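**Q** Sequence:
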Amino acid sequence: LPRYLRAMEMRMERGAYDPLKHRRKTAEVEVFEKELEALVKSPLMVHSSPEKKEGVEELRWMIEEFKVSLFAQELKTAYPVSPKRLQKKIDEIKRIV
Numbered sequence: 002l003p004r005y006l007r008a009m010e011m012r013m014e015r016g017a018y019d020p021l022k023h024r025r026k027t028a029e030v031e032v033f034e035k036e037l038e039a040l041v042k043s044p045l046m047v048h049s050s051p052e053k054k055e056g057v058e059e060l061r062w063m064i065e066e067f068k069v070s071l072f073a074q075e076l077k078t079a080y081p082v083s084p085k086r087l088q089k090k091i092d093e094i095k096r097i098v
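Under our numbering, the letters of the sequence shown match residues 2 to 98, in that order.
Simulated from the structure, these hints should not be mistaken for laboratory data. Note that this is a predicted model, so its numbers are computed, not measured. Nothing false has been slipped in among the hints.
No more than 27 Å apart at the CA atoms, straight line, and that leaves these computed lysine-lysine pairs for DSSO-like:
{"#": "1", "residue 1": "K85", "residue 2": "K95"}
{"#": "2", "residue 1": "K77", "residue 2": "K22"}
{"#": "3", "residue 1": "K54", "residue 2": "K85"}
{"#": "4", "residue 1": "K53", "residue 2": "K42"}
{"#": "5", "residue 1": "K95", "residue 2": "K54"}
{"#": "6", "residue 1": "K53", "residue 2": "K35"}
{"#": "7", "residue 1": "K53", "residue 2": "K89"}
{"#": "8", "residue 1": "K26", "residue 2": "K89"}
{"#": "9", "residue 1": "K90", "residue 2": "K35"}
{"#": "10", "residue 1": "K89", "residue 2": "K42"}
{"#": "11", "residue 1": "K26", "residue 2": "K42"}
{"#": "12", "residue 1": "K89", "residue 2": "K35"}
{"#": "13", "residue 1": "K53", "residue 2": "K95"}
{"#": "14", "residue 1": "K53", "residue 2": "K85"}
{"#": "15", "residue 1": "K42", "residue 2": "K85"}
{"#": "16", "residue 1": "K54", "residue 2": "K89"}
{"#": "17", "residue 1": "K85", "residue 2": "K26"}
Construct all of the structure, not just a fragment, from the sequences and the given hints.
**A** Structure below.
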């Protein structure tokens, strides 16, 4: 958790310095946050399997790591994460019943 707080702090500092760059990076993240929100709000999630719920939780943390990779690279991510990996996880979750 402290690493994520530090990443947020760095994001705010850098966002003030270069707002345009910050907006571009934020737009990259928002694509996946919207996908996550759609999964969470889906009526199918209420009765979904524990495996699917676990996948959604993993996606949530992958998005946080993606933010670290974009806004605070020097903190390093806990594991490899990229837009391609995020999309793969989303597709995987959608296939789970």
